[in-house]
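Add chain B to chain A, keeping to what the hints say.
Chains as they are written, first to last, in the working numbering: chain A, 548 to 998; chain B, 548 to 998.
What you were told as hints is all true, and nothing was included just to trick you.
For chains that are exact copies, the list does not tell them apart, and a pair is met inside one copy or across any two.
Here are the simulated SDA-like cross-link-like pairs (lysine to any residue), alpha carbons at most 25 Å apart as the crow flies: (1) Lys948 - Ala784; (2) Lys701 - Pro647; (3) Lys701 - Thr765; (4) Lys948 - Val653; (5) Lys701 - Gly725; (6) Lys964 - Glu723; (7) Lys948 - Leu722; (8) Lys964 - Val721; (9) Lys948 - Ala596; (10) Lys948 - Val721; (11) Lys701 - Val766; (12) Lys948 - Ile645; (13) Lys948 - Arg757; (14) Lys948 - Leu643; (15) Lys948 - Gly725.
Rather than coming from a laboratory, the hints here were simulated on the basis of the structure.
Number of protein chains: 2
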Amino acid sequence: MTVVDELIAALGPGIVATDAASLALTQADKSGHMSTSAPLAVVNATSIADISTTLRIASATGTPVVTRGAGTGLAGAAIASGGEIVLSTLAMNRVLEINPADQLAVIEPGILNGRFNEILAEQGFWFAPDPASKAISTVGGNIATNAGGLLCAKYGVTRDAVLGLTVVLASGEVLELGHRSVKGVTGLDLTALFVGSEGLLGVIAGATVRIRPLVRGTVATIAAFFPTVTDAAAASAGITASGIQPAVMEIMDAASLEAASTLLALPGVSTGEAHLVVQTDGPAAAEEAEQALAVIQSLGGRAELSTDPVEGERLLAVRRAMHPAMERLGTTLIEDVSVPRSALPAMFAEIVRIEQAYGIRIPTVAHAGDGNLHPNFIFEGTEVPELIWRAADELFGTALKLGGTLTGEHGIGILKKRWLGDELGETQLELQRRIKAVFDPSGILNPGKVF
Amino acid sequence: MTVVDELIAALGPGIVATDAASLALTQADKSGHMSTSAPLAVVNATSIADISTTLRIASATGTPVVTRGAGTGLAGAAIASGGEIVLSTLAMNRVLEINPADQLAVIEPGILNGRFNEILAEQGFWFAPDPASKAISTVGGNIATNAGGLLCAKYGVTRDAVLGLTVVLASGEVLELGHRSVKGVTGLDLTALFVGSEGLLGVIAGATVRIRPLVRGTVATIAAFFPTVTDAAAASAGITASGIQPAVMEIMDAASLEAASTLLALPGVSTGEAHLVVQTDGPAAAEEAEQALAVIQSLGGRAELSTDPVEGERLLAVRRAMHPAMERLGTTLIEDVSVPRSALPAMFAEIVRIEQAYGIRIPTVAHAGDGNLHPNFIFEGTEVPELIWRAADELFGTALKLGGTLTGEHGIGILKKRWLGDELGETQLELQRRIKAVFDPSGILNPGKVF
Numbered sequence: 548m549t550v551v552d553e554l555i556a557a558l559g560p561g562i563v564a565t566d567a568a569s570l571a572l573t574q575a576d577k578s579g580h581m582s583t584s585a586p587l588a589v590v591n592a593t594s595i596a597d598i599s600t601t602l603r604i605a606s607a608t609g610t611p612v613v614t615r616g617a618g619t620g621l622a623g624a625a626i627a628s629g630g631e632i633v634l635s636t637l638a639m640n641r642v643l644e645i646n647p648a649d650q651l652a653v654i655e656p657g658i659l660n661g662r663f664n665e666i667l668a669e670q671g672f673w674f675a676p677d678p679a680s681k682a683i684s685t686v687g688g689n690i691a692t693n694a695g696g697l698l699c700a701k702y703g704v705t706r707d708a709v710l711g712l713t714v715v716l717a718s719g720e721v722l723e724l725g726h727r728s729v730k731g732v733t734g735l736d737l738t739a740l741f742v743g744s745e746g747l748l749g750v751i752a753g754a755t756v757r758i759r760p761l762v763r764g765t766v767a768t769i770a771a772f773f774p775t776v777t778d779a780a781a782a783s784a785g786i787t788a789s790g791i792q793p794a795v796m797e798i799m800d801a802a803s804l805e806a807a808s809t810l811l812a813l814p815g816v817s818t819g820e821a822h823l824v825v826q827t828d829g830p831a832a833a834e835e836a837e838q839a840l841a842v843i844q845s846l847g848g849r850a851e852l853s854t855d856p857v858e859g860e861r862l863l864a865v866r867r868a869m870h871p872a873m874e875r876l877g878t879t880l881i882e883d884v885s886v887p888r889s890a891l892p893a894m895f896a897e898i899v900r901i902e903q904a905y906g907i908r909i910p911t912v913a914h915a916g917d918g919n920l921h922p923n924f925i926f927e928g929t930e931v932p933e934l935i936w937r938a939a940d941e942l943f944g945t946a947l948k949l950g951g952t953l954t955g956e957h958g959i960g961i962l963k964k965r966w967l968g969d970e971l972g973e974t975q976l977e978l979q980r981r982i983k984a985v986f987d988p989s990g991i992l993n994p995g996k997v998f
Numbered sequence: 548m549t550v551v552d553e554l555i556a557a558l559g560p561g562i563v564a565t566d567a568a569s570l571a572l573t574q575a576d577k578s579g580h581m582s583t584s585a586p587l588a589v590v591n592a593t594s595i596a597d598i599s600t601t602l603r604i605a606s607a608t609g610t611p612v613v614t615r616g617a618g619t620g621l622a623g624a625a626i627a628s629g630g631e632i633v634l635s636t637l638a639m640n641r642v643l644e645i646n647p648a649d650q651l652a653v654i655e656p657g658i659l660n661g662r663f664n665e666i667l668a669e670q671g672f673w674f675a676p677d678p679a680s681k682a683i684s685t686v687g688g689n690i691a692t693n694a695g696g697l698l699c700a701k702y703g704v705t706r707d708a709v710l711g712l713t714v715v716l717a718s719g720e721v722l723e724l725g726h727r728s729v730k731g732v733t734g735l736d737l738t739a740l741f742v743g744s745e746g747l748l749g750v751i752a753g754a755t756v757r758i759r760p761l762v763r764g765t766v767a768t769i770a771a772f773f774p775t776v777t778d779a780a781a782a783s784a785g786i787t788a789s790g791i792q793p794a795v796m797e798i799m800d801a802a803s804l805e806a807a808s809t810l811l812a813l814p815g816v817s818t819g820e821a822h823l824v825v826q827t828d829g830p831a832a833a834e835e836a837e838q839a840l841a842v843i844q845s846l847g848g849r850a851e852l853s854t855d856p857v858e859g860e861r862l863l864a865v866r867r868a869m870h871p872a873m874e875r876l877g878t879t880l881i882e883d884v885s886v887p888r889s890a891l892p893a894m895f896a897e898i899v900r901i902e903q904a905y906g907i908r909i910p911t912v913a914h915a916g917d918g919n920l921h922p923n924f925i926f927e928g929t930e931v932p933e934l935i936w937r938a939a940d941e942l943f944g945t946a947l948k949l950g951g952t953l954t955g956e957h958g959i960g961i962l963k964k965r966w967l968g969d970e971l972g973e974t975q976l977e978l979q980r981r982i983k984a985v986f987d988p989s990g991i992l993n994p995g996k997v998f
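One chain only, chain A, in its complex shape:
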């Protein structure tokens, strides 16, 4: 009996897809990368028991398992290849509990972040992790990558919102990690270790997450334009230094701004300008926005401020148009370095240098509030050319030199494997491999990813 036959026998044919279309869908993610061969089968798990059964069969037969949510990853961590079982948790999309008194929710991993937030909003709550993909990405995937987003400086990363996890080990055994209380220091923090583990340690089969009361009152939005991206970065640094904590603070360089303005057919944007958008919320929103505006104007920015929600959305429109605008320019490799906030001007300057040195275009946006940049390497064709990788290599090295990291929120997956050792060093890399082996001694979980 083949592995696929075993899976069908144990789970039923409705759970196990083997048609070419279903298999092909799992060979890619939103990075644009695609594997060269189709996996054996896609298990569309509907319960923890399905996950457990799949892993037991995989363990018994030594078959690799790639866990997958909505496939919106940008690092190739959930891309499947020949000989592998894809374990999809997308159909496990229920919200099992919303507990206002304890400000927590218990969810299945396949719920989309945006949908989860819609359900929470009906009860006056929200879930803070807000990757740009939130409308299409799952909370399980957010947890597996420790997803970031626009709001992290003020509201934290995904790890900060996870109280407990139900995980299934490679053996098929189900384990409960963490607790429902705000605090807890019993033993090593395996909950935190699983957040961001990219499918290497086990399968996230459920989560107890922190939810927050909806932020009330005014939301103020400022859209500002500066002669150079360095000026915009100086303004964002000035805003941070003034002690204000914006919810959103985003920078677009001139190339990004021009592409987005063209897409939206916006009037009034001068070629060569850079863009800074700031949003404040909470009880001091209006006051903080006025302070931010003063900083912006004192540093030569031309700015509009609005506390009207509709107008605020209009001011954010340019930033939101970034991804479709990039798609018009060619194929993009979306990078994800993160640096200390004070190093943003230096990082932007290095990007310009790399553009010139390699004769390529790298329109860049940054979550300026937390120092996370997304340089978009533009090229023609479907495969990332070696020239682009060499330029990216320089970019990564620069981020590390500035005290930052290869990846702020997308993860390592397969696309950044070759740089992992540059950041971690050989000793730490070896420790990480051994920790994986503690959870997955046969190495069946997402092999070839990260390490």
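Positioned in the frame of chain A, the structure of chain B alone reads:
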């Protein structure tokens, strides 16, 4: 040559203490527990190189190492015994960098939390982790225990404030974990794994921590009295449910309140009443305090509200008198269970039941904002009687049944080892042991603690 001779030869006699008084000091911590034999030596490390040298000698000779800061732990994790080397990082107390632009600081582990905050305050910043011991506990110790405190619901636990760590492995090798950026998801999150690891994985030799701009504006304090602790718990739940986020929200049961009031010779406190103290800060402090006051009064509380700093300190005085008040009642075993906030009334009711069942007194305070209770088991003599441990056993079991944890912020150390498996289960316990073995294959780091 003995291990001690090797240490002295390598480090110099000024670094290695072997006098009886120095050794005896390391046999206890603030839990009141004491080991029965003195360690071999105390290494007062002054540099990362000293730590590294000590661990290399310890590894080569198979000698156990107990890392120790200020010795303020409450679980016995830093208590040393015969045959062990104590590695004290207390003398490594420098603040190496304060970076306002990046809102981070780089510190040595021995700096006291309170002293660190004094230094930060001069530059308009603070470090949010605020264990009650902050005046006397080190930041390294706070990190090693993932310390909590009064402000966690609003400002997070220690883990949320740690960006990166310098650690020394059992082998003596120095490792840099994490980064200086706000975000970073490169590989498994070993920084988070080290936070709260109680000396099992390596020695925390330095840290890059997040600092915050000082909270500006009004601080409002409410001191309220209720007929029963259940009423006080209902009021704290009501405040949370109203969407307010207090900085501090503390409950004292009748026995605690009576003891503290007696100590302070306070007038106007009726026997049998329970106490709730709430503090709000930030831009909405006054408004939030008015809302909290309305909740308190609607639930039968008698309350005073002040936005005057001096008066606010007076209102907090009862809560601050808790520990000295307990010391007057006898010897105390300070427990540390944590439950979901909605379970606070049930937990308080169980504590009363356990008091009656065992004929003992358990005055209890709670960080009501996050559900962390400190039941103080009172007894005579220096050793915790078996009867008290049996009562504590029931208390722990109850906290776990309510979805909580054995320890919210003190850690496992030696005092809670026997209950660890009750919370984690055998599979998770075994995974944790194996993770320790990855970092410390010979088991020389804090052996006999936690596991």
